[in-house]
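**Student:** Guided by the hints, dock chain B onto chain A, whose structure is given.
Top line first, the protein sequences correspond to chains A and B.
Here the numbering used here is used: position 266 in the first sequence is 266, and no number is missing along the way.
Counting the second sequence from 1 gives a position; the numbering used here is that position plus 322.
Honestly, the hints are just simulated from the structure, not real lab data.
All clues given are correct.
With a cut-off of at most 30 Å between alpha-carbon atoms, the simulated DSSO-like pairs for lysine-lysine come out as follows:
id, chain 1, residue 1, chain 2, residue 2
1, A, Lys175, A, Lys91
2, B, Lys532, A, Lys91
3, A, Lys112, A, Lys62
4, B, Lys389, A, Lys60
5, A, Lys54, A, Lys68
6, A, Lys182, B, Lys516
7, A, Lys316, A, Lys291
8, A, Lys311, B, Lys607
9, A, Lys316, B, Lys601
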Amino acid sequence: MKTKNHGEMKPKKIIITITVAIVALILILDCTFIVKESEQVIITQFGKPVGNPKTTAGLKVKLPFVQKPNYFEKRFLEWDGDPNQVPTLDKKFIFVDAYARWQISDPLQFFKRLTNERGAQSRLDDILDGETRDYIASHDLEEAVRSSNRTPIPSGTIGEEVGDTLSDITTGRQKIQSMILKSANQRASDLGIVILDFRLKRLNYVEDVRVQVYERMKSERFRIAEKFRSEGQGEASRINGEKEKDLKTIQSEAFRTAEGIRGKADARATSVYAGAYNQSAAARNLYSFAKSMETFEKTFDSTTTVILSTKSELYKYLIGPD
Amino acid sequence: MDYNQFGNFNVPPQWKKYLKNYRRILLGILVVFLLLTSLFQIEPEEVGVITRFGRYIRTVEPGLNMKIPVLERLYKVAVERQQKEEFGFRTVTPGIQTVYTKGDTENESLMLTGDLNLADVEWVVQYRIDNPYNFLFKVRDPINTLRDISEAAMRQTVGDRTVNEVLTVGRAEISNSVQTVIQDLCNEYLLGIKIEQVVLQDVNPPDPVKDAFNAVNQAQQEKETLINQARSEYNKVIPRARGQADETIQMAEGYAAERVNNALGEATRFDALYKEYIKAPDVTKRRIYLETMTSVLPRVGNKIITDDKGNNILPLLQMQLNENQKSR
Chain A
1 MKTKNHGEMK PKKIIITITV AIVALILILD CTFIVKESEQ VIITQFGKPV GNPKTTAGLK
61 VKLPFVQKPN YFEKRFLEWD GDPNQVPTLD KKFIFVDAYA RWQISDPLQF FKRLTNERGA
121 QSRLDDILDG ETRDYIASHD LEEAVRSSNR TPIPSGTIGE EVGDTLSDIT TGRQKIQSMI
181 LKSANQRASD LGIVILDFRL KRLNYVEDVR VQVYERMKSE RFRIAEKFRS EGQGEASRIN
241 GEKEKDLKTI QSEAFRTAEG IRGKADARAT SVYAGAYNQS AAARNLYSFA KSMETFEKTF
301 DSTTTVILST KSELYKYLIG PD
Chain B
323 MDYNQFGNFN VPPQWKKYLK NYRRILLGIL VVFLLLTSLF QIEPEEVGVI TRFGRYIRTV
383 EPGLNMKIPV LERLYKVAVE RQQKEEFGFR TVTPGIQTVY TKGDTENESL MLTGDLNLAD
443 VEWVVQYRID NPYNFLFKVR DPINTLRDIS EAAMRQTVGD RTVNEVLTVG RAEISNSVQT
503 VIQDLCNEYL LGIKIEQVVL QDVNPPDPVK DAFNAVNQAQ QEKETLINQA RSEYNKVIPR
563 ARGQADETIQ MAEGYAAERV NNALGEATRF DALYKEYIKA PDVTKRRIYL ETMTSVLPRV
623 GNKIITDDKG NNILPLLQMQ LNENQKSR
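Pulled out of the complex, with its shape left as it was, chain B reads as follows:
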C-alpha cells in the first residue's frame, strides 16, 4: 500500500491526524469490542450459565461478570422469578382488576371424574426454575413439557374422585395431590423445575348442566325455608297454648278454693246458727221468719192481702197482673 496515495483523495488536514493513528484507533475499537463481549451483568433474579465450546463450565451469580469472548456463551435463567402456567383460562390484561378469558381453552379444563361425570376445572401452576442446568440442557421445550405434565396430573387426580368431591369438599386435597404428582414427574423428567403451588381456580359443572346444579342448591334452600317456616309456626302456637293451659288450671284451682272455702264458711255459719237454734227452736224460727218478712216485704211491688171471703177475687187479680206484665 502506498501511503502517499491518500493525498490524492484530498483528505481534510484535521483528519490526517486520525489517519496517522489508525493502529491505535483499531486497537481501541478492538478493546471496546472485547470488553462489550466479555463483560456482562446478571440481574438479581437470574443466574448465568456459561458454556465453553458448547460444554457447561460454570454458573455465575448476579452482578458484573466476565467470560472469554467468542469461545464462551452465556445463557441467562431467571431462577428467582416465580412463573406460572394457566389452564382452562388465560389472563388477558393483568392488573388490579385482571381480565381473564375462557377463550378456546375448554379442552384443557373439561375432564372426566371418577364417576364418569364431567367437570370444568381451571387451575394455575406456579413454579420456579431451581436447576438451570437441567432446565437448559435436559429437556427440549421444558415449559410445554410442564404443561403436558400438569394436564396429565390434574386428570389423573380428578379421575380418581367423584364429581361432588371435585366441586365441593375435595378442592384443597386435589391441589395438594396434583402438586405432588407434578413435582414427581418434573423430577423424573429432570426438568429442573420446582412447583411452588397448584391453585385451583373456578371448578364448575360444565355449562350445559350448571342450571341443574343450581336447581339442587335452590331446592336445598327451599327445603330449609319450608322447615323453618313450619318450625316458626310451631313456636308461635305451642308456647302460647302452654300458657293458656296453665291459665285454665289456675282458674280451676281458683274455683276449687272458692268453692271449698264457701262451703266451709257456710257450714261454719250454719253450725253457729244451729247451736243457738236448738236451744229454742220455735221462737227462733218464728223470729227469723218475721225478720225476713220485715226486710223483704217493703221491697215487694204489689202486696195483696185477702181473707177467706175474698177468695173469689183471685182469678181476676191474676188476669190483671198478666195484662200489666204484657204491656210493659
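Okay, chain A solo, but in the shape it has when bound:
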C-alpha cells in the first residue's frame, strides 16, 4: 500500500530496478552451470576448448556469453555390434554378435577427434567389427566357443555313446576377446576413449550351416537310438539263451542224478538177491521152484486152460491109489 503513495513519482525507477535485476540474474545464470554425476564438461570459448575438463559433479563457473559448456557422458557406454557373418578358420560360416563397454576417458581429445557420441559409435563400429572379423577368421570355431579345457561331467549312457569329451583348444574365447580388446584399444588410443570390455555375445551358425548341424545331431541321436534298440534285443536274446541253457542243464542233471540213484539201487538189489539165491545148489533149486510157483499164482485166471496128464504128480492118483 505504501508503493501506492510513492508510486506516482518513481515508476521509471522501478522499471530500471527490474531490468537491472533481470540482467544480473541472466549474468549469474550464464556464468554458472551444473555438472551432473553422470557428465563431464569441456568449456569452449568461441568454439575453442579452454581450461581443464570438468569431471566432477556440482555447480561450476565460467565466463558468461563467450564460454559455452559442452557436455559429455562420464558413465560406461554401450556399444552393440550388428550381427556379422564371418567365416572361421575351419570354414564355418557363423553370425557374430558382440558388445563392448567404453568410456570417454579424455573428453578434450574425444571432442577434437569425434565431436560427439554418434561419431564415436561409428568409429567403434569400424574398429571393433574389423577386429572381430580378423580374429574370428583366424581361429577355428571351437576356439571362439570354448573357454577352457575342462573335463565335462559324464552324462550317463547317452553321453557314453556320443562321447562326453571335448576336444582340446589352444586359445579360447576369453583370449580371443582380450586380444580383440587390446588391439581395438590400440587403434582407439588417440580418440580419447577407452574400451573397457569386449565380449562375444552371440555366435550362431548361418541358416544352411544350421540345417547341416541339425542333420548331424539327428543322425547322431538316431544312431544311439538304434544302438539302444539293438542292445536291448541282444541282451534279451542272451537272457533267452541263458534260460535255455539253464533249463537243459537243470533237467539233464536231474536226469543223470536220478538214473544214477536208480542204477545204484538196482545194483544193490541185484547183489542182495544174488546173496540170497546163490548161496548153494539147493538154494538155487528152491529159488527156481518157488519162483515158478509164484508165477502160477500170479498168472492163472479164469481164461487159462490147463491140460494135465494123469501122469502128473497132481492127478496121478486119479487113476488109482497105487
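**Tutor:** Frame of chain A, contents of chain B only:
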C-alpha cells in the same frame, strides 16, 4: 498500480476481502509449494538418492524426508525389490497360471555348445540393486548392460560344456557358474547390481532335432522293456525247472528205496524159507507144489485132464480153444 482501478471491474463485495489479503494468499501458496517440493516420501523398498546442483549429496532411508526445493533433486531407487530379466521367453500375464510366450526370443536362447551342437536354453536372472549410486551414475542403461552380460556369460558357460551336460546333468552347475560370471562382470562394470539367482528354465534341444532326442529316450525305454521281458520269461521257466528237477531226483530216490527194500525183504523171506527147506527138501517142495496148485487151480477156467490114451484129442481141443478166443 492504482488500487482504485479494481473498483471499475465490479468486484463482488465478498471477494474484496480476499483481494485485500492477496499478499497473505500468495504467501500461503508459496508455503504450500515449498512444502510440496521439499517434503517427500520414500517407500519401504526404496531409498532416495539426492543430488544438489547435480552432485551426489546423500542417500535417504524410507519414510518422510526433506530436501531443498529446486536446488536438490531426488532419484528413487527400489533397492529391496527383487527384479528379474527373462531370456528366451517372456511372461505375458503373470498369475497363478502364468502365461509365457517364446515370441521372437529364439536368438537369445539358441546357443552353441562346446561340442558344436545347438541347444535352446531359457533362463531368468534375478537381481537386486545393491548400490544405488553406481546404478544411477556409473553406467548408462544398466538394465540393458545386465542383459548383454547375462547373454555373454550364459554362452561362455554353455560353450564350455557338451550338449548332454547342458541338457541333463549340468543344469545346476551351469546356473551356479553363470551366476558367478555375471556377478563378476557386474562388479567390474560398477553396475551396482547384486545377482540373487540364475534360474535355468526349459533347456531343450532345438525344435528340429527334438524328435531325434525323443527317439533316443524311447529306444532306451524299449531296451529296458525287452530286457525286462526276457528276464521275466527266465524267471517264469527256471525256478519251475529247478523244482521239477528236484521232483525227478526225489522220485528216483523213492524208487531206489523201494527197490532195495523189496530186495532185502524178499531175500530175508527166502532165507527163512531156505533154512526150513534144507531140513526136508523133498517133502517141503512137494507140499509147496500141492498147496500152490490147490490155490491156483480153482481159479482156472478150463481144466482138461488126459491120460496116455487120450493124447490124440489134444489138437482138436486146441482148435476149439482158438475159436473160442476169436469169438470173444
